[in-house]
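Protein chains in written order, with numbering that gives the first Met the number 0: chain X, 0 to 131; chain Z, 0 to 191.
Among the hints, erroneous ones may be present.
[Said to hold, decoys possible] Reference listing, derived: stretches of chain Z covered by chain X, where coverage requires no fewer than 3 residues with Cβ under 8 Å from a Cβ of chain X:
| id | region |
| --- | --- |
| 1 | 5-17 |
| 2 | 61-69 |
| 3 | 164-177 |
Rather than coming from a laboratory, the hints here were simulated on the basis of the structure.
Ideal Cβ positions, reconstructed from N, Cα and C, are used throughout, including at glycine.
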Amino acid sequence: MKNTDRDHAPGGQDRRLNDMLARARDEAPFPSALLLDRVMQDALQAMPDPSAADVSRAPETADRRGGGILSGLWRALGGWPAAGGLVAATATGLWIGVSPPSVLDTQLALYFGDASGLFSLDGGYDLAFEDG
Amino acid sequence: MPLDALNDRSDEDLLALYAGGDPMAARALTLRLTPRVFAHAARLLGDRAEAEDVAQEALIRLWKIAPEWRMGEAKVTTWLYRVTANLCIDRKRRQRSVDLETVPEPEDGQASADERLQEAARIDALQAALNTLPDRQRQAVVLRHLDGLGNPEIAEIMDMSVRAVESLTARGKRALAQALAGRREELGYEEH
């Protein structure tokens, strides 16, 4: 393409330069697919891993709590979440012992026979085992 | 998070997601920033292979700094343009400057017949002329006229006043025009 340039003054020179700059701007160099792939691989490789970050912060948190042997044992046993489960199981066992459901009486009677005979103080204890 | 949903997020938001371990943010940032960084490096260096290395290195630095990025202090692109320019200047210092005359000239007769060839020749000539400018002038001209940034952002990237940027850009353009003056006819700008 030939551009006719009748203007020898600096204004003509500016127009030519602006024209070249505008065309160069429109035709920006574009990265190859290979470069995009390399950059993506770098990004994934350098990307912080949130779970790893938690592990790395864990000792710092423990230190801030001023942990000793007992607190270390407490955390090793699972801390408060594990204690919650333990308390619930203990309470359930205690409740069953204090006030057993009627179905439990029936099942125990079927398995051991008459419970009153099993715990009788008049010699029924020995008899119960002899009966097998 | 789907890639489409990330298109409207700012670079800074994406970088925060990336720092939180979101691979889709990594992909979105790669696709968004690599072309800009590469184009800037290619224009400063005038060499695709070197520009690819610089772009990759600049982005590696971004990935590494992501967990410590402080929101609201700087734009990601401003930081990247600065890092890219510094990497380019380091490389330029190590390589010999490219002489304007080494750019291949279009063959006689063929140039007027093939517009694309002439277009490419003009872009090559402009790049060669850019390569002759001092580093700071070239950086200012590329940021202003090829990357299309405003003077305040250029001032931040180059760590100088807006007035100094205006002056540097004006001097750069004059130097470019002078470097290209001798090639006016060959590039298809006829005088009558």
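Structure-based check of all given hints:
| no. | hint | result |
| --- | --- | --- |
| 1 | 5-17 | violated (count 1) |
| 2 | 61-69 | holds (count 4) |
| 3 | 164-177 | holds (count 3) |
Violated hints amount to a single one, hint 1; each of the other numbered hints is respected by the structure.
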